[in-house]
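Q: So the protein sequences, as listed, match chains C and S. Note that the first sequence covers residues 32 to 820 in the numbering used here. Note that the second sequence covers residues 43 to 202 in the numbering used here.
Just so you know, not all the hints are guaranteed correct.
Calculated lysine-lysine pairs in the BS3-like style (CA-CA distance at most 25 Å, straight line) [to be verified]:
| hint | chain 1 | residue 1 | chain 2 | residue 2 |
| --- | --- | --- | --- | --- |
| 1 | S | 92 | C | 163 |
| 2 | S | 149 | C | 166 |
| 3 | S | 113 | C | 166 |
| 4 | S | 91 | C | 453 |
| 5 | S | 113 | C | 453 |
| 6 | C | 45 | C | 60 |
To be clear, the hints were calculated from the coordinates, so they are not data collected in a lab. Computed from a predicted structure; not experimentally measured.
The chain contents come next:
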Amino acid sequence: MAEPKSITITVDGKSLSAPAGTLLIEACKAVGIEVPSFCYYPGLSLQAACRMCLVRIEKMPKLQTACTVQITDGMVVTSDSDEVRQARKSMIELLLGNHPLDCPVCDAGGECELQDMTFKYGAAESRYMEGKLHKEEQQWSPVVYFDRPRCILCYRCVRACGEGMDVWALGVQNRGSSSVIAPNQGDHLECEECGMCIDICPVGALTSGAYRYKTRPWEMKHVGTICTHCGDGCKTTLGMRRSDTGMDIVRGDNRDKSGINGDFLCIKGRYAFDYFDHKDRLRHPLIRRNGQLTQATWEEALEHVGKRLKEIRDTQGGQAIGVIGSNRTTNEENYLLQKFARTVLGTNNIDHHRTTDFAGFARAITGKQNATATMRDVATASSILLIGNDPTEQHPLLAWNIRSNVRLNRAKLFIVNSRPIKLRRQAAAFLQVPEGRESKFVAFLNGDDTAAGSLTSPAVSNDSLKQVRDQLRGAQDPIIIFGSELRGADIAALVKFGSGVRAMFICLGDYANSRGAADMGLYPDLFPGYVAADGPHNFNEEWGKVPQVKGMDIAGMMQAAKDRKLAALYVVGSNPVTDYSFDPAALQNAFVVVQELFLTETALLAEVVFPAASAYEKAGTFTNTCGDIQLLKKAGEISSVRSDFEIIVRVADRMGADTKKLVPFGKGVHADMGQSRGAQSGEADRHAVWLTANNLDPRLSPFDPMAILDEIQRLVPGYEFSRLNLIAGNDEHVTAAEHSNAGAGNGLVQIVPANDSLFTSGTLGRYSHTLNSVIENRRSTESKEVMAD
Amino acid sequence: MVISEKLDRFFDEKMKEYPTQRSFLVPMLLYTQDELGYLTNEAIAHIAKKVDLTELEVRNVISYYSMLRTKPLGKYHVQVCTNISCMLRGGEEVFEHCKQRLGIGHKQATPDGLFSLEEVECIGACSWAPAVQVNYDFHENLTPEKMDAVLDQYSRKAKQ
Ligand code: SF4
Ligand code: SF4
Ligand code: SF4
Ligand code: FES
Ligand code: FES
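Okay, chain C solo, but in the shape it has when bound:
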């Protein structure tokens, strides 16, 4: 595409240039001239409803809306004159004509665009004497509330829901000044409950069930961290307020649009932080006494676990111990856990709940350059092939980026799926193939025309298959995205095809840090960076002796437990009893230790349960499913729980391990770090802030995840990103998979997709009040309809 011509215009006597086609309001913004607006929103269709952006353009009759006028050569604009100021004032006077002015109790008070505009441009007095039209606030869904009188009819919500979400759940009814925003089900909403409409509302007309009437915006501290749910890695800004037991998370939003998610957050990133203070949250260590899990002190629990694990290791050897790691603990914790397993417990029996075949993906792309796409790339690629998965449900940000790219850049989307997933509405071609035949399509892409036979149906002809293949063969730098439907050799075959067209790939895994779990070596046969355990590697140089033989995977551990060969099982943030139907009876004789937030089915079988901090309560990094790594900042605080990191280090310490070797901190500098924890912390991870602020690169505490990040960056190829950029809150792309050296593998992998929907999220989702109330609400709405029949 040719670069658009640059055009020069004059605004308020200043000359400025912008590409042809630029909207006047954007051209002004680019040089710091603010043209006020309500209805205009970048990326959404133009509305010109509010008339707040009126400016004078020479040679044009009347004032013009800067949000709809494209600049033309020699245009002369006045954005600040008595006439323009008067126009703005009048617009605000009109808007306030029926506005309730209940700012003192309005959720938006203090961060309301109407307040700000009135303050800056508005009329202090009104000439309206008429009574105001009142309407009680309405609850439209567990998430969305509507306060009609506050609405200024900017239609942002309608467009965000329709154009952005492709849900079209909000409409405008009636006409003119009696227009009202209406939900799709008459008096309530049935939608994806993303809260986009609430966040985009410039005033307090749309409010959320989670936050309304809870606090004032200025009473909160705001911490930008990463969502703990799906594998997409949205940045969510948490509003924090002090509580009796630490810091409460009051709300989540995406006010800080600097994340890879831009404007977007789904229901989970915005509201499902609420598992964090669920009443069932574990707040004390538990030890089994006389068959009952009973409350214990940290001291007792750590001592007990350290002693037993040491005994078992020393008498039966490390192979009698199994470790299962987590998809939602940080990279540093995952790395630390496998290092603990390999160097302290002396075993390679470590695995995690594998929701997709990241190891197979690493094998397929090893040695390739630019083989993985970032989440941001998805929003700009010219064509996208999506095989399997249902991003609308399982990767909402990915779905948003795909939709936005199709809508704003006319990207071509090709979908191959066994179900009619919602994204087909954006697809240039949608091929519905029989379940389990996704790999046949890959074979077909690679030129195997006989594979077409098993793919065709009345809806999918041979020709349509060929057409899609031809278009993909001619595509420019496409992105190929695939779900857990493709594994092992099928991924290799897909990569073979993709390499021919310089494609970049995204392998979709479930949960916030499943990619990090894989990258950090929570595998019985792979060290961090997908390095074969039985092959050459340099980890023993730093770590000392490590077991050279492959360990057992989860299935192997389960069998060993049955055969009474597994004396201990150490589980961190995982629920294998449910996820893998791990036979509870098999664990009867094993010493089971669980680090968890809740008493899961697995925790119920444990000898000792440690109450762990959630990812909203600690610092560290997450790597999303694309390989974008981002910083977690500590937001919430529950004073009686500890991070998985700290628990592992303390257990290692009780086992007599040298914690300095486990976590390379200190290096000769000593200081008292007592000020880093405690109930008064919380506006961020004070520990991290303090260290960074004081430029203390030598890590001073054995609980400092950054000390492990140092080691990760040193030892895991592909993790050499800019630390500064990470700390500044930006995303960095890591390429451990491209730099892998995983060996052949045995081709047998047990993949158990999470199959979460928009409203579920594994263990965390089960304890989210918001998610549960949406599910509950849907059930009861359904039954209402049945009653009416």
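Given chain C's structure and the hints, the job is docking chain S with the ligands onto it.
A: Chain S with the ligands alone, transformed into the frame defined by chain C:
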């Protein structure tokens, strides 16, 4: 109540003339209203499907136009103009009179379902103001007395 098969077939035929199918939405709504008396939930769902819009979008359009309605009105819908020409020539008195005589107000229907009343804007009959439109028929140069005669005429018609 959904529309008759005949009307549905007519829609299918006519729709072919529209490059963008949703452009046919308003005519479809009008035809449907003429057939059913008002736009029923079933009819709205049916039409939404036909033009691939959500029911909400169809309702947005219906609520925009005051001539489209989702509630049944009287068999004879009396639309009294009170816009400027008619107002100057006694339209408001005619409207008041109708209210009294029928015992109903703006956008209401008599209990027997025979009449409904609506105060409307200019119906393009200013030269013969004040004017009233009953369903698709016009009645002009009205006074309260003449209005009585008009209403009597419809009452009789209903009994036939
Ligand atoms: S919550 Fe999301 S899906 Fe629901 S109405 Fe608002 S924008 Fe639409
Ligand atoms: S509810 Fe909010 S976003 Fe929607 S039209 Fe009203 S003011 Fe705008
Ligand atoms: S898309 Fe994923 S990462 Fe983003 S808010 Fe939703 S669950 Fe969280
Ligand atoms: S911002 Fe231009 S009309 Fe609303
Ligand atoms: S004003 Fe009544 S018909 Fe025109």
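Q: Hint by hint, note whether the structure agrees.
A: Do the hints match the structure? See the list:
1. 92(S) with 163(C): violated (40 Å)
2. 149(S) with 166(C): holds (21 Å)
3. 113(S) with 166(C): holds (22 Å)
4. 91(S) with 453(C): Status holds; Cα separation ~17 Å.
5. 113(S) with 453(C): violated (34 Å)
6. 45(C) with 60(C): The hint holds at about 13 Å.
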